[in-house]
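We have chain A already, so just place chain B on it with the hints.
2 protein chains.
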Amino acid sequence: MSTITDISVFDVRFPTSRHLDGSDAMNPDPDYSAAYLVVRTDAEDGLEGHGFVFTIGRGNDIESAAIEALAARLRGRDAEPILDDMGEFWRELVHDSQLRWLGPEKGVMHMAIGAVVNAFWDLKAKRAGLPLWELLARMSPEEILDLTDLRYLSDVMTREDALAILRRSAVGREERIARLKAEGYGAYTTTPGWLGYSDEKLARLCREAIADGFSQIKLKVGADREDDVRRLRIAREVCGEGYPIAVDANQRWDVAEAVDWIGELAPFDLRWVEEPTSPDDVLGHAKIQRGIHPTPVATGEHCQNRIVFKQMLDADALRVLQIDACRVAGVNENIAILLLAAHKGVPVCPHAGGVGLCEIVQHLSMFDFVAVSGEMDGRVIEFVDHLHEHFVEPVDVHDGRYWPPQLPGAGAQMHQASIDAHLYPDGPVWAEAV
Amino acid sequence: MSTITDISVFDVRFPTSRHLDGSDAMNPDPDYSAAYLVVRTDAEDGLEGHGFVFTIGRGNDIESAAIEALAARLRGRDAEPILDDMGEFWRELVHDSQLRWLGPEKGVMHMAIGAVVNAFWDLKAKRAGLPLWELLARMSPEEILDLTDLRYLSDVMTREDALAILRRSAVGREERIARLKAEGYGAYTTTPGWLGYSDEKLARLCREAIADGFSQIKLKVGADREDDVRRLRIAREVCGEGYPIAVDANQRWDVAEAVDWIGELAPFDLRWVEEPTSPDDVLGHAKIQRGIHPTPVATGEHCQNRIVFKQMLDADALRVLQIDACRVAGVNENIAILLLAAHKGVPVCPHAGGVGLCEIVQHLSMFDFVAVSGEMDGRVIEFVDHLHEHFVEPVDVHDGRYWPPQLPGAGAQMHQASIDAHLYPDGPVWAEAV
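Top to bottom, those sequences are chains A and B.
Everything in the first sequence is counted per the numbering used here, starting at 2 for the first residue and increasing by one.
Everything in the second sequence is counted per the numbering used here, starting at 2 for the first residue and increasing by one.
Chain A on its own, in the form it takes in the complex:
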C-alpha cells in the first residue's frame, strides 16, 4: 500500500500570442496554457503521475483552482484502491453529488476531473512499465468496459453493443500492435493554415507539409469569405488535385450562413468542414451536414461529454469525430466516445496541437486501432509542430506519421524546468514580460 502524499498544482502558460501562432477566427490571441498537476506517493518507486487541462490563457487560474479542489480531497488517501479500479475512481469524481451541480459533466469542473484522472493513468502506466496506449491495449474487453460509464448512452449503444465491439477487436491485437510499430499512425498538419500567416507563408508551408510526408493539411476559415477562397485556391494549387485539404471554422457560423459559406468553398474539394457552428448544437450540425452533403462535418474538440457525442452520432450530425485529450473527463470518457464512434462506424481523427495535446491523444488513437475500432486507414491525428520540446517524451512524428510512444506513462509529463520557467504570473518568462 502507498499513500498519496502530495498533489501539486501549477498554472503554466506559454506566451504564444506574441507571435500569432494559433490564431483563428474565434481565437485571435491565445496563450497556450496548462493547468497542471503532479501526484506523488510514498511508494519506494518514486513514480509520479502528471496530467493537465489545456487552456488558451485567461482562465487557467480558474481551471487550476478546480484541480486544487479535487486534489484537496485526494491527499492522504491510499493510491492502490484508485489505481486498481479506475472506473470506480472516475465515477466517484464525476458523480460527486455536490460538485456535479457545477456542470453536470461539462466545462471547468469536468475538464479538471479529466486532468486528475489522466494523472492517475500516467502513474498507473508508469507502475506497469508501459506506455498508456499499450497498457490499455493489453486489457481484456471486460476490463476496458469496466473503465467506462455508459450512463445516458443506452438508447444508442447498450453495454452489450459495447462489449461486442471490444470482443470483436480482441482478435488480431498482436498483429495490429506489430503493424502500428512498423507503419506508425497517420498525421495531418494545421501548421500552414493559421489566419495570421501571409499568402506566401501559406504556400511555403503547404509545400513543406507535402515534402514532410503529411497525408492532409487543414486551413482555418470563417473570418472573411474572400480571404478563404483565395487561400484555398493557393493551397489547392500547391497541393494538387486529390490531396486532402480540410477547413476549420472554429464555431464561427449560424446554420444557414454555414451552409451558404461552405457552398462557396466546396469546389475546392474539402476533406471535412470542422466546427461550423456552436459545439452544443447537435441539431444545427445535423442541418449543416444535410446541407453540405457529401462534404463531411467534423467536430468534437469542444464537445463537452459522451452524451453530446452520442447525439451527434445519432443525428448524423458529424461524419468525422474529433476527440480531444483534455476536454472530457479523461481517458475513461474518451474510451466511451471511441466505443460510440466504433458502434456507428464513424472515423475518429483527434484534435491536437495546443500544448501537449499531441503527446496525450496519440495514446488514445493507437489504443483505438489495436483494441476498439481495429481501423486506422484514412484516420489521421492532428499535428502542430509547436511546444513539444517541453515534454519528457515529445511526439515522434516523421515521414508524416506518428510513431508509438515507448516510455512508460500517459504522455503528459513536462520538464520541471519548463514548468518553472512558465509559471504564471511569477515565472521568469512572465515576470520579464510584465
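Simulated from the structure, these hints should not be mistaken for laboratory data.
Just so you know, even glycine gets a beta-carbon here, dropped at the ideal spot from N, CA and C.
Certain hints may be false.
Below, simulated EDC-like cross-link-like pairs (lysine to aspartate or glutamate); rule was C-alpha separation at most 20 Å, straight line [what the hints assert, rightly or not]:
1. B:Lys-288 <-> A:Asp-315
2. B:Lys-288 <-> B:Glu-265
3. A:Lys-288 <-> B:Asp-317
Restraint ranges, calculated between C-beta atoms of paired labels, are given here [what the hints assert, rightly or not]:
4. B:Arg-231 <-> A:Pro-82: 32 to 40 Å
5. A:Arg-168 <-> B:Gly-88: 54 to 62 Å
6. B:Glu-93 <-> A:Gly-379: 40 to 48 Å
7. B:Asp-261 <-> A:Arg-291: 27 to 35 Å
8. A:Arg-168 <-> B:Asp-261: 26 to 34 Å
9. B:His-294 <-> A:Asp-200: 55 to 63 Å
10. A:Pro-16 <-> B:Arg-226: 52 to 60 Å
11. B:Pro-268 <-> A:Arg-168: 38 to 46 Å
12. B:Thr-6 <-> A:Asp-79: 48 to 56 Å
13. B:Arg-169 <-> A:Gly-379: 51 to 59 Å
Just chain B, lined up with the frame of chain A:
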C-alpha cells in the same frame, strides 16, 4: 461618470444537509450555497450591485474563483458604459476569446458571468429606482432585443421573429402590469415532495399546500419505483382528482427506463415529468416526450445555455420550459430563452428554491408576462419556503401566489449579517461545526 471602486466576492454556504431539506434522487445532502459578489462604485448614491451563483456546497469556492477572475478585470473601469449598454457588456464577457475556451458558454465560467451580469442589473435597477421586472417591462422592444445575443439561434428564431414577439406584447403592457399587481403570479410548492420525508409528513405537507392556496405541488421521484407509486398514491388521495401534481426525477434515468418508469406513474395524472434524464440530452428528451405523450416533459434548471434550449424546443423535447436564474449567463440570456419559448408557444415555469432563486427568478416571469409572452394563465413559479429570511426583500408569497417585488433592484441582495454568519469556512456557522 462613476468608477467601479470595488467588487467583493464571498463564499456563502448554508448547512442545509444537516436536516435533509432539499434531498432528491441525485442530490442526497446539499448545502445550499451562493458564490456571491457586491459591486461598489464611487457614485454619490452609494448604491451597490449584488449577484450570485447558486450551488449546493462543494465547488462554491471554484465558482467564487471564477467570479473573482472576472472581477479583477472590472475593478477601476467606468460604470456607466457598462450600465448603459448591458447587451454589449454581456457579449464582452461571454465572447472573451480566451475565457470561452473554458466552456464555451457552459458550466462554472458561464454561471460566473451570469452572477456578474446580474449584479450589474441589480445596480442598474437601483439607480433607476425600479424593481428589475418593471425596469425591463418598461423598455421598448428594440431596447429589449439589444440586450440579447441571438447568435446560433437563427435556424429556429430570427431577429425579425423576436422583434415581432416583443412588438406584439408592447400592446397592453399597462393593463398587464395592473393585473399583475392585483392578482399576483401563480406559485407551486415542492415543499411536500422531498425524498427525505416520511409518508405522514408528505400527507400533512400536501394538506398544508392546498390550504395555503398553492395551485400545484411537485414530488421528487426516481430513487425507488415502489416508493414513488406509494407516495404518489398518498399525494393524489390527499390532493384529490384534478389537482396538478408534477414529478421530478432529477436526471435519474436513461431513455428507455424513463419511459417505462413514467408509464407506471402516469395513472396518477402527472402535470409534468421534470428532468427525466441528462440535461444535455436533447434527442433523449425528445424520445422520452414521444414515449410518454401526452404527459409533458419539463426541463431547464441544468440546461447550460440558449443553444440547448433552442434545440429542446426545435425537437419537441420539452413542453414546459424551466428557466433558472443562476444557470445561464444572467438576465440577458434568460431574455433570449423567454423569446424562444414565446416563439414556440411553450409555457415557462421557472425552477426556484435553493437559496435566493425565488427572489431573482420572479422578476423574469413577471417581465415575461408583461412584455414577452403576455401570458400567465397556467404558468407557475416554483416556491420552496426556505432561507428567504436572509434577503433584504424576501419573496412575498401568499394565497398561493407570488406578489410583485417593490424595492428597486434585482432581488439578489442578502443581509450583510447573513453573509458574515455563513462565510465558508470561517464564518461562525461553519467554524462551530468544525
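Evaluation of the provided hints:
At roughly 12 Å between alpha-carbon atoms, Lys-288 (chain B) and Asp-315 (chain A) fall within 20 Å of each other, so this suggested pair holds. The straight-line distance between the Cα atoms of Lys-288 (chain B) and Glu-265 (chain B) is roughly 17 Å, inside the 20 Å bound, and the hint therefore holds. Pair hint Lys-288 (chain A) plus Asp-317 (chain B) holds up; C-alpha atoms about 16 Å apart against a cutoff of 20 Å. At about 38 Å, the beta-carbon gap between Arg-231 (chain B) and Pro-82 (chain A) stays in the expected band of 32 to 40 Å.
For the pair Arg-168 (chain A) and Gly-88 (chain B), the supplied restraint of 54 to 62 Å holds, since their beta-carbon distance comes to about 55 Å. A hinted range of 40 to 48 Å holds for the C-beta pair Glu-93 (chain B) and Gly-379 (chain A), which are about 42 Å apart. Separation of Asp-261 (chain B) from Arg-291 (chain A) is about 32 Å and conforms to the stated range, judged on CB atoms against 27 to 35 Å. In this structure, Arg-168 (chain A) and Asp-261 (chain B) meet the distance hint of 26 to 34 Å, their C-beta atoms being roughly 28 Å apart.
Taking 55 to 63 Å as the suggested C-beta distance range, the pair His-294 (chain B) and Asp-200 (chain A) conforms, at roughly 57 Å. A C-beta distance of roughly 57 Å is found between Pro-16 (chain A) and Arg-226 (chain B), which places it inside the suggested range of 52 to 60 Å. Between Pro-268 (chain B) and Arg-168 (chain A) the C-beta distance comes to about 42 Å, which sits within the given range of 38 to 46 Å. Taking 48 to 56 Å as the suggested C-beta distance range, the pair Thr-6 (chain B) and Asp-79 (chain A) conforms, at roughly 49 Å.
Between Arg-169 (chain B) and Gly-379 (chain A) the C-beta distance comes to about 53 Å, which sits within the given range of 51 to 59 Å.
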